[in-house]
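Participant: Residue-level listing of the chains:
There are 2 protein chains.
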Amino acid sequence: MLAANVYVTLRKSILDPQGTAVKNALQSIGYEEIQAVRIGKFIEISLDGISKEQAETRVREYCKKLLANEIMEDFRFEIVEK
Amino acid sequence: MLAANVYVTLRKSILDPQGTAVKNALQSIGYEEIQAVRIGKFIEISLDGISKEQAETRVREYCKKLLANEIMEDFRFEIVEK
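Chains as they are written, first to last, in this note's numbering: chain A, 1193 to 1274; chain B, 1193 to 1274.
Heads up, some of the hints might be wrong.
Pairs count within a copy or across copies, as identical chains cannot be separated in the list.
No farther apart than 25 Å at their CA atoms in a straight line, the calculated lysine-lysine pairs in the BS3-like style are these [what the hints assert, rightly or not]: (1) Lys1257 - Lys1244; (2) Lys1257 - Lys1215; (3) Lys1274 - Lys1215; (4) Lys1215 - Lys1233.
Don't read these hints as lab results, they were simulated from the structure.
Please model the complete structure; the sequences and the hints are all you need to start from.
Facilitator: Here's what the structure looks like:
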């Protein structure tokens, strides 16, 4: 069985208010080493009955059709044996 | 400069309705190879002025204090040079 680990992150040019809130919260409790926080999604998909090569193509399709909004977000993924 | 990549995922015993909705949506457009989808968070933190060893300790603290709810969530992280 295969698993796809998909990482969806906001593009660099897009503001991330959730990340900024977390950065400020951590700084306010004394963690001054924090320069920036960006929050994205980590999506684990279990796949069955397809090859690793097919999975590469399919997961790209999932990302483009449903998982990522490419206007605002970047995605990357890896296919691993499970 | 260092970066921490933090992955926060729901514990296996916790239902993930958002993941189930994504699974159903992908299956409904014909991707029948999908067995399960679990959605977590991917948090990128930029750190300055501390060593890699200090960063390991600090990032564990961030997770325990703020980034993860350990009753429902697991976390793991890696520290990388940026």
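Participant: What are the numbers of the hints the structure violates, in ascending order?
Facilitator: none
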